[in-house]
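Residue-level listing of the chains:
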Amino acid sequence: MKIGVITYPGTLDDRDAQRAIRLAGGTPVPLWHADDDLKKVDAVVLPGGFSYGDYLRCGAIAAQAPATKEVIKLAAQGLPVLGICNGFQILVESHLLPGGLIRNEKQHFVCRDQKLRVENSNTAWTSLFEENEEILIPLKNGEGGYIATDETLKMLEAENRIAFRYLDTNPNGSMNDIAGLTNERGNVVGLMPHPEHAVEPGFGPDTNIAMRSGVDGLKFFQSVLKMAVNS
Amino acid sequence: MFKNKKLAASGVDTTEHAVAEPDRDQPWKELGLKQDEYLEIKNILGRRPTSSELAMYSVMWSEHCSYKSSKIYLRQFGEKVTDQMKEHLMVGMGENAGVVDIGEGLAVTFKVESHNHPSYIEPFQGAATGVGGIVRDILSMGARPIAVMDQLRFGAPENPDTARVVHGVVDGISFYGNCLGLPNIGGETVFDSVYQGNPLVNALSIGAMKHEDLQLAKASNPGDLVILFGARTGADGIGGVSVLASETFESTGPTKRPAVQVGDPFAEKVLIECCLELFHAGVVAGIQDLGGAGISCATSELASNGGKGMKVQLQNVLLRDQSLTPEEILMSESQERMCAVVPKKQLKAFEKIVQKWEVEYSVLGEVIDEDRLYINWGHEEIVNVPPRTVAHDGPVYDRPVALPQYQKALNDDSSSFLKRAENATELAAQLMQLIATPNQADKSWITAQYDKYVMGNTALSMPDDSGMVRVSEETGLGVALATDANGKYAYLNPYEGARLALAEAYRNVAVTGAVPRAVTNCLNFGSPENPEVMWQFKEATAGLADACLELGIPVTGGNVSFYNQSGDIAIYPTPVVGVLGVIDDVARRIPSGWQDDGNNIYLLGNTFDELDGSAWAKDLHDHLGGQPPKVDLSKEIELAELLHGASIQGLIESAHDISEGGLGIAVLEAALRFNVGARIWLGEMLERDAIDMTAALFSESQSRVIVTVGREDDVKFQALCEARGVPCLRIGVTDATSSMVEIKDVADLKLDDIRSGWVNTLPELFG
Amino acid sequence: MPKIIVEIMPKQDLLDPQGKAVANALQRSGNKEISAVRIGKRIELHFDRPITDQDMENVSAQASSFLSNDVIEDVVAITKED
Chain A
1 MKIGVITYPG TLDDRDAQRA IRLAGGTPVP LWHADDDLKK VDAVVLPGGF
51 SYGDYLRCGA IAAQAPATKE VIKLAAQGLP VLGICNGFQI LVESHLLPGG
101 LIRNEKQHFV CRDQKLRVEN SNTAWTSLFE ENEEILIPLK NGEGGYIATD
151 ETLKMLEAEN RIAFRYLDTN PNGSMNDIAG LTNERGNVVG LMPHPEHAVE
201 PGFGPDTNIA MRSGVDGLKF FQSVLKMAVN S
Chain B
1 MFKNKKLAAS GVDTTEHAVA EPDRDQPWKE LGLKQDEYLE IKNILGRRPT
51 SSELAMYSVM WSEHCSYKSS KIYLRQFGEK VTDQMKEHLM VGMGENAGVV
101 DIGEGLAVTF KVESHNHPSY IEPFQGAATG VGGIVRDILS MGARPIAVMD
151 QLRFGAPENP DTARVVHGVV DGISFYGNCL GLPNIGGETV FDSVYQGNPL
201 VNALSIGAMK HEDLQLAKAS NPGDLVILFG ARTGADGIGG VSVLASETFE
251 STGPTKRPAV QVGDPFAEKV LIECCLELFH AGVVAGIQDL GGAGISCATS
301 ELASNGGKGM KVQLQNVLLR DQSLTPEEIL MSESQERMCA VVPKKQLKAF
351 EKIVQKWEVE YSVLGEVIDE DRLYINWGHE EIVNVPPRTV AHDGPVYDRP
401 VALPQYQKAL NDDSSSFLKR AENATELAAQ LMQLIATPNQ ADKSWITAQY
451 DKYVMGNTAL SMPDDSGMVR VSEETGLGVA LATDANGKYA YLNPYEGARL
501 ALAEAYRNVA VTGAVPRAVT NCLNFGSPEN PEVMWQFKEA TAGLADACLE
551 LGIPVTGGNV SFYNQSGDIA IYPTPVVGVL GVIDDVARRI PSGWQDDGNN
601 IYLLGNTFDE LDGSAWAKDL HDHLGGQPPK VDLSKEIELA ELLHGASIQG
651 LIESAHDISE GGLGIAVLEA ALRFNVGARI WLGEMLERDA IDMTAALFSE
701 SQSRVIVTVG REDDVKFQAL CEARGVPCLR IGVTDATSSM VEIKDVADLK
751 LDDIRSGWVN TLPELFG
Chain C
1 MPKIIVEIMP KQDLLDPQGK AVANALQRSG NKEISAVRIG KRIELHFDRP
51 ITDQDMENVS AQASSFLSND VIEDVVAITK ED
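Residue numbers (my numbering), protein chains in the order written: chain A, 1 to 231; chain B, 1 to 767; chain C, 1 to 82.
Where hints are given, some of them may not hold.
[Said to hold, decoys possible] Cut-off 27 angstroms, straight-line C-alpha distance, at most; resulting in silico cross-link-like pairs (BS3-like, lysine-lysine):
{"id": "1", "chain 1": "A", "residue 1": "Lys115", "chain 2": "B", "residue 2": "Lys443"}
{"id": "2", "chain 1": "A", "residue 1": "Lys69", "chain 2": "C", "residue 2": "Lys41"}
{"id": "3", "chain 1": "A", "residue 1": "Lys69", "chain 2": "B", "residue 2": "Lys352"}
{"id": "4", "chain 1": "A", "residue 1": "Lys40", "chain 2": "B", "residue 2": "Lys344"}
{"id": "5", "chain 1": "B", "residue 1": "Lys750", "chain 2": "A", "residue 2": "Lys115"}
{"id": "6", "chain 1": "A", "residue 1": "Lys2", "chain 2": "B", "residue 2": "Lys356"}
{"id": "7", "chain 1": "B", "residue 1": "Lys348", "chain 2": "B", "residue 2": "Lys311"}
{"id": "8", "chain 1": "A", "residue 1": "Lys39", "chain 2": "B", "residue 2": "Lys344"}
{"id": "9", "chain 1": "B", "residue 1": "Lys744", "chain 2": "B", "residue 2": "Lys86"}
{"id": "10", "chain 1": "C", "residue 1": "Lys80", "chain 2": "A", "residue 2": "Lys154"}
{"id": "11", "chain 1": "A", "residue 1": "Lys73", "chain 2": "A", "residue 2": "Lys39"}
{"id": "12", "chain 1": "A", "residue 1": "Lys39", "chain 2": "B", "residue 2": "Lys352"}
{"id": "13", "chain 1": "C", "residue 1": "Lys20", "chain 2": "A", "residue 2": "Lys154"}
{"id": "14", "chain 1": "B", "residue 1": "Lys618", "chain 2": "B", "residue 2": "Lys744"}
{"id": "15", "chain 1": "B", "residue 1": "Lys348", "chain 2": "A", "residue 2": "Lys73"}
{"id": "16", "chain 1": "B", "residue 1": "Lys86", "chain 2": "B", "residue 2": "Lys68"}
{"id": "17", "chain 1": "B", "residue 1": "Lys356", "chain 2": "A", "residue 2": "Lys69"}
{"id": "18", "chain 1": "B", "residue 1": "Lys344", "chain 2": "B", "residue 2": "Lys356"}
The hints are simulated quantities; they were obtained by calculation from the structure and are not laboratory data.
Build out the structure end to end from the sequences listed, making use of the hints.
Here you go:
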């Protein structure tokens, strides 16, 4: 199964996303931002980084790229799309997900191992998780605070569109402790933490069992592969 | 503005003018040159220099660029070297960075550099551009940068100016490094009032490549094009190099106009990807990054290294600020620029790649078959010099050296006269106090602002003893890097202090299971015009060179930062030493703290009563005097070989080196690493080594490591130590059910209590 | 040179952490009378010929679709300057 990973100028975690896909059993396909040909991939990942230096607004310029426009089109037809960190910002700027992402409350960039609760395990990217499963995923950003109007928040809660919530600490002041969202259909998922950094033993977060042994992120990529196999 | 390239007779000082008006008054003094240097330039050229040539020489002959005060001593690093030491060395000193073969056809390049003065003036941009500069050096060797580290020294923690510098520097490193997508895998932070007006910001970067990817900074083929690409050139840092790095600060604050460079990490990230694509496409014959002295440096060095010459049209430089004069363009230190030497037939391919990445470029000129660098401004010749004289044959000083007047009294003032704790309560109090001092406290407040995950290859990072990154995903081949320096030791004895820094970095690499292979250094000292500082420098470089020879690992490159002083007060001589090690499979790496229950804790090495220069003496008693701990490098080698052998057999669960603070601090750090308690007893140690409990807990004797070993491996491990003659003493056992560190005859300390002191110090000071 | 100025502010009811941080700093340095700070953007779009009504319309569309994010920002002014 082929999963595309788009590289924009300033994208940083594209190769890590490609590795995660490979480890999950898929075939990563590098895609270039200026190219609207998505090479018939079965799913797309918008990776983390600082596309266009976060100029204007995080993800704002990347949202205008030809490849992004094509993703928006295909997402409406059910293409699974995962937006990680800057990728989440691109999804929000593209209006594939509602709300906004602003600078962290405490003004500093923070890199920490974050506990999350998977609150919607019916999406393309979370189907292998248990409902309310607690996972440990690295978080690293300076502009990750989720904001939305009261109306939007009510809707998101009511429709179970909150895919992940921060546990123990809210690292960036996100409203309602929202760490990630999904769209109505469940094919588009965006989150601030980085699952691609918790896929390989020895390089993930520390756990009680061993240093750097956390691999909770792998299920994100395995879920979408399972979905493709079934469909 | 300059829409047409036709420039009117611009009033620019040309070589023709230089001949016609030989007696023009020139501001050589204001530009930082000495009179004899100015005369030497006239001698070389056979006439007075043009103002552009004067600018070039003043900047390239500054201390920062020419190493004129340090050259005669740095030679030792290349001379005190055996063939065996050079076995893995692909590129040694003198290039942008050293390159070391690590096996499997792969190589690693690494180097540490300073950006001290700019970081006092504008901490954020100073630190940010420090990271940018060292990363470009690594990139210019043909490597993909894969990690960064930083070595920071700040003034007294409670001084309000310290917070200004700390915030700016940490934000700057975080901003630039994170935006480049480079994991920060380690470093050190030290607080001491001696660095108040002269903080030290050293930045290190590592890059990885295949052997055949190696690039060099030379222009050796006449006809090849010289192309400047990356950011546009502006007024950044004009005069920064020769003005800042060759002058000390007045005691009331910096007197020079701030000539700070402003960095754009997004531009550099794009430049990295663009350059790597250029390299892999084989379109570049030589490459140089633009750092200190900008275009002056790039053109003269490329020409000089290639043994050829160059003809440059300076008006072709893409400008951000159209008002710049030719002299300013030559001296500009605008960031994120590279200079490539491109064979004419590769120009189209070059253009295609830079256009893909939307990187601007301009052809400045070409390589010529003459030992001359010509720079024109339109039709007017403004530079006509032999490139070697600018880039490599600068002045070489043999500055006066004098033993400091205070040295004997300092060395006689031993810490053995200090009052020691008289009972367990006092010992426990001192230990708890020490672990919470800013120098020993948890640095997470800083390190959590750095990305350690990006690139997915970080096997070890803070707080472990070295940073370790995987280089080959197929085999797990990786490298470990540790940087260390102890300014107090070096102040007491510069020769020994440099040896001790190397020993500590070497040991920090060994405890992770890697084998030390190469060295880099950043030598931070006061003014070379002060004979006492020069003595420190002479001693330290000799100490380091001799120690490298003893340990069998070569210096591959480094940096010198002089003039770190305010008025008469110089910093402690602070030679930062970085050691790179190789590990065949990062899966084998050893953490610095214990996680498993019921493992035996062993102390390797002997302990002596060596408290001079220790954290106990300085941070608890405000005392600095005597002689630093002795180091026997043959013992360090034995220890490292033991650790390697044990690690290959999988006998070691954790290993932590004992350094500043002593055994007591090392034990607490190892317990705090994964929050697992332990029971410790030191009675046997006191007897065997004939020391008291204060020495046992706080002495900073060298060649010591604490390791934990699984019960099933005890016998094998002890036998291994005995066979290799490494003293090995069981001093405790880990206890995962306990939330305490119990030190017999000292105290039972709750992990929570230790942690709360340790974790809150920096946030309370700077949060 | 002719230009169109677009001014953008964060939406009134949403958190402006940058503004908050600046307000705190002003308060700390003695400006107790300043009760709040909100920070926006001023974007200049330069033209190399006189500006038409169509240009104003285009810019207005770009302002709300690209130059600002209408979820979290408001375009508070679009002005022509000769």
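Outcome of the hint check:
At roughly 22 angstroms between alpha-carbon atoms, A:Lys115 and B:Lys443 fall within 27 angstroms of each other, so this suggested pair holds. Only pairs whose Cα atoms come within 27 angstroms are accepted, and A:Lys69 paired with C:Lys41 is accepted, the gap being roughly 26 angstroms. At most 27 angstroms may separate the alpha-carbon atoms for a hinted pair to count; A:Lys69 and B:Lys352 meet this at roughly 25 angstroms. With a C-alpha separation of about 39 angstroms, the suggested pair A:Lys40 and B:Lys344 falls outside the 27 angstroms cut-off, and the hint is violated.
For the hint linking B:Lys750 to A:Lys115, the alpha-carbon distance of about 26 angstroms falls within 27 angstroms, and the restraint holds. Among the hinted pairs, A:Lys2 with B:Lys356 is consistent with the structure: their alpha-carbon atoms are about 25 angstroms apart, no more than 27 angstroms. Distance restraint check for B:Lys348 and B:Lys311: the Cα-Cα separation of roughly 21 angstroms lies within the 27 angstroms cut-off, and the hinted pair is therefore satisfied. For a cut-off of 27 angstroms, the pair hint linking A:Lys39 to B:Lys344 is broken: about 35 angstroms separates their Cα positions.
Note on B:Lys744 and B:Lys86: the hinted pairing is violated, with a Cα-Cα distance of about 48 angstroms set against a maximum of 27 angstroms. The suggested pairing of C:Lys80 with A:Lys154 is violated, with an alpha-carbon distance near 40 angstroms, which exceeds 27 angstroms. Using a Cα cut-off of 27 angstroms, the hinted pair A:Lys73 and A:Lys39 holds, with the two alpha carbons roughly 14 angstroms apart. With a C-alpha separation of about 23 angstroms, the suggested pairing of A:Lys39 with B:Lys352 holds against the 27 angstroms cut-off.
A C-alpha spacing of about 26 angstroms is found between C:Lys20 and A:Lys154, which places the hinted pair at or below 27 angstroms, so the restraint holds. Of the supplied pair hints, the one linking B:Lys618 and B:Lys744 holds, its CA atoms being roughly 26 angstroms apart against a limit of 27 angstroms. Pair hint B:Lys348 plus A:Lys73 does not hold up; C-alpha atoms about 36 angstroms apart against a cutoff of 27 angstroms. With a C-alpha separation of about 26 angstroms, the suggested pair B:Lys86 and B:Lys68 falls inside the 27 angstroms cut-off, and the hint holds.
Between B:Lys356 and A:Lys69 the alpha-carbon distance is near 19 angstroms, which keeps this suggested pair within the 27 angstroms criterion. Restraint check: the Cα-Cα separation between B:Lys344 and B:Lys356 comes to about 20 angstroms, which is no more than 27 angstroms; the hinted pair holds.
Hints 4, 8, 9, 10, 15 from the earlier list are contradicted by this structure; the remaining hints agree with it.
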